[in-house]
Each structure stands twice: as C-alpha cells, then as structure tokens.
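A.B. asks: One letter stands for each residue in the lines below.
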Amino acid sequence: AQSVTQPDIHITVSEGASLELRCNYSYGATPYLFWYVQSPGQGLQLLLKYFSGDTLVQGIKGFEAEFKRSQSSFNLRKPSVHWSDAAEYFCAVGPANFGNEKLTFGTGTRLTIIP
Amino acid sequence: DGGITQSPKYLFRKEGQNVTLSCEQNLNHDAMYWYRQDPGQGLRLIYYSQIVNDFQKGDIAEGYSVSREKKESFPLTVTSAQKNPTAFYLCASSTTGTGNSPLHFGNGTRLTVT
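Chains as they are written, first to last, in the numbering used here: chain E, 310 to 424; chain W, -8 to 105.
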C-alpha cells in the first residue's frame, strides 16, 4: 500500500531564512506527487506537482521541490521565507495509473515564521 | 471568479441529528470529492463522484451519504450513525477523476456535534 510520511510536525524558521520540508513516500512504481498549502481555517491550495520528466519542479509563491527516486523523497524548498508562508503544508502521493481517489495525504507540517 | 463554495463555514448540531453540508462548484469539473480532516491525521477521503448520478465510497464512508444530481453540486450528509462527526470537512473537485488532474478545494465547513 502507498503511504506518505512527513516527519516534521512543526517547523519554525526565521523570516528570510531558507526552508526545506521533508516528504518521504512509499509506492512501488512512479507516483504522482503533490505539495499543497493550507492557511488556518481554509482549504488546500496546490503549490506544485510532479508527474514525470525534470525531477526539479517549480511551483507558485517561489517554492520548488525535488523528486529523488533513490531516496523516495519529494522535499519542498524555498530559498527565503516570508511571513505570509506561515501555514500547514501537505505532501500527497497518487499512483500514476489510477485516479484521485487513490491519493494519499501526509499528516502535514505546520510552519511558523518568526521575525 | 470560478471556485468551490462550501456552506456554512461553521455548523453546530446535537448528537443524533443528521446534517447536510453544501458544496457547489462553477469550475465545470467532472469529478468531486469529500474529505475529512482531523488534527494530525491529514485528509481522509469520504466519498467521490466522477460523473453526475454516480458516486463511490472512499476510505471512511460509514455514517455518511452523498448525492450527485447536478454536475456543480455534491452535498454531504453526516448521519447519526457517524460515531465521531466533529471535524473539518473539505470539498474538492478536479477536471477529471484521473491522478494527473490536481484537486481544487473549497474553504471547508467545521462541524461540531455535541
């Protein structure tokens, strides 16, 4: 069965510092991978996605993620965080030959930004 | 602007009552989904629908029911059989039901049952 692990429940970063949020997945074949962001009391917004091709994908709001097959990872990065990046971040994985009903979400990483 | 509207934002009910959460989308998406979000547990799929008049159970369908009579609407009923209904409920849609069609989410309904 597929699974997603976000090992960090809560991360605190200073404004302007770099950020890396970890995501490890378990799936037998090439998956679809996603990062979503959720502000408090809101729905989720897609940051970026990986289906195939270039393993470094660019997303919205200056985020990027790198797919590393050998490490089963899809970590999210940002060179310099802004106070508005404070939110909860979810990694999700889905099998490439199935539908969205097979999407599995991680438990999320809450990001706090300090001035 | 196109999007997904969930209403109400907050809902309070007494135990033993059924309650219906509304989800409307004007994105012309074929597929719609209901997720439940609990602290520290990520999102879990309740029901999904890939086409009008058809829907399928997700991972935690017990105690819930849905209908899909119109393309733009996918209401969720939380029945009295749901043992722990207090949660944040998210509706989502996608252009198709395939895995490379990302989800678009509404802003959620927080249901509290006492």
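Incorrect hints may appear among the rest.
Output of the computed footprint for chain W on chain E, the stretches with three or more beta carbons under 8 Å from beta carbons of chain W [as the list claims (entries may be wrong)]:
(1) 321 to 329
(2) 384 to 396
Here are a few chain E residues that sit away from chain W, every Cβ distance over 12 Å (derived from the structure) [claimed, not checked]:
(3) SER335
(4) GLN347
(5) GLU373
(6) ARG378
Calculated directly from the structure, the hints in this document are not laboratory data. Every value quoted in this text rests on a predicted model; they were computed, and no experiment measured them. Glycine included, C-beta positions come from ideal geometry on N, C-alpha and C.
A.B. asks: Quick one: which hint numbers does this structure break? Sort them smallest to largest.
C.D. replies: 1, 2 and 4
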